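K.L.:
So the protein lines, in turn, are chains F and R.
The letter at position 47 of the first sequence is residue 47 when you use the working numbering, and the numbering goes up by one with no holes.
Every number in the working numbering is 113 more than the matching position in the second sequence, counting from 1.
Worth flagging that the hints you see were computed from the coordinates, not collected in a lab.
Mixed in with the good hints, there may be bad ones.
[Stated by the list, open to error] List time: in silico DMTMM-like cross-link candidates among lysine to aspartate or glutamate, alpha-carbon distance up to 25 Å:
#1 K15/F <-> D63/F
#2 K213/R <-> D63/F
#3 K182/R <-> D86/F
#4 K213/R <-> E101/F
#5 K213/R <-> D86/F
#6 K162/R <-> E101/F
#7 K162/R <-> D100/F
#8 K174/R <-> D86/F
#9 K184/R <-> D100/F
#10 K83/F <-> D100/F
#11 K213/R <-> E68/F
#12 K213/R <-> D57/F
#13 K11/F <-> E201/R
#14 K191/R <-> D86/F
Because the structure is a prediction, the values reported are computed rather than measured.
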Amino acid sequence: EAGVAQSPRYKIIEKRQSVAFWCNPISGHATLYWYQQILGQGPKLLIQFQNNGVVDDSQLPKDRFSAERLKGVDSTLKIQPAKLEDSAVYLCASSLGSRDEQYFGPGTRLTVT
Amino acid sequence: AQSVSQHNHHVILSEAASLELGCNYSYGGTVNLFWYVQYPGQHLQLLLKYFSGDPLVKGIKGFEAEFIKSKFSFNLRKPSVQWSDTAEYFCAVTPLGTYKYIFGTGTRLKVLA
Chain F
1 EAGVAQSPRY KIIEKRQSVA FWCNPISGHA TLYWYQQILG QGPKLLIQFQ NNGVVDDSQL
61 PKDRFSAERL KGVDSTLKIQ PAKLEDSAVY LCASSLGSRD EQYFGPGTRL TVT
Chain R
114 AQSVSQHNHH VILSEAASLE LGCNYSYGGT VNLFWYVQYP GQHLQLLLKY FSGDPLVKGI
174 KGFEAEFIKS KFSFNLRKPS VQWSDTAEYF CAVTPLGTYK YIFGTGTRLK VLA
C-alpha cells in the first residue's frame, strides 16, 4: 500500500513570496489533514477535509493560507504572502474516517528568509 | 477548550530503564486515544490506539498504554527501553461527536546507550 505522498520535501523562499504544497493521500481515505509543525511543538491542525468538503479550518490563517481538495483526492496548501513565522514543517495526513488512525506523509520543510 | 497535556517535555533514560510518559486530556465524553511516534528523520507513525474494550492496550515494539477514564489519562509505558526508542512521542485524542483530532505537544525521549 502506497503511503501519503507530499512534495516538495524542502522549500526556501523569501518573505512575501508565495508557495504551494501538494499532497496525495492513501487511496480510499476520506479524511485529509494539513498540519503545521514548528520545531519543538506538536502538530497544529490547519485544515481538515472530509472528502472534498472542509470540516475544520478554525486555525487556518485565512488572510494568507488557502487549501483545496479537488475531487476529494489530492490537496494543495498555499501560502501567499509568506511571513518569517511560517517557517515550519507542513505535514499532510489521511485517514479512513475522522476518528481513525492517521497516516502521515514525510512533510515539507519550509524556510522563509 | 478541549486539550491534551503531555507534562514531560524531555526525558532522558539509560538503556533498560522503565519508561512512563504521561498524557491527560480534557473531555468528559467518549474518546478515541492514540500514541504516535516520530523517530529521527522519519514520518509520524502510529504506536498504539484505544477505541474501546480492554483499557490496557499493547502496541508495537513492546509499548503499552493504559486508559484510566476516571483520571482522563492514557499513559504510555515500556518496561525496558532501548537506544532505538529515542524519538518524539505524541498523544492524540478524538472526542466522539466531533471531527476534532487533538495532539499533545510531544515528549522528546533520549535513551543513552
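K.L.:
A separate judgement is required for each hint: does it hold in the structure or not?
P.N.:
Cross-check of the supplied hints:
no.	hint	result
1	K15/F <-> D63/F	15 Å, holds
2	K213/R <-> D63/F	23 Å, holds
3	K182/R <-> D86/F	37 Å, violated
4	K213/R <-> E101/F	13 Å, holds
5	K213/R <-> D86/F	23 Å, holds
6	K162/R <-> E101/F	8 Å, holds
7	K162/R <-> D100/F	9 Å, holds
8	K174/R <-> D86/F	35 Å, violated
9	K184/R <-> D100/F	23 Å, holds
10	K83/F <-> D100/F	33 Å, violated
11	K213/R <-> E68/F	19 Å, holds
12	K213/R <-> D57/F	11 Å, holds
13	K11/F <-> E201/R	24 Å, holds
14	K191/R <-> D86/F	36 Å, violated
The structure fails hints 3, 8, 10 and 14 (numbered hints given earlier, in ascending order).
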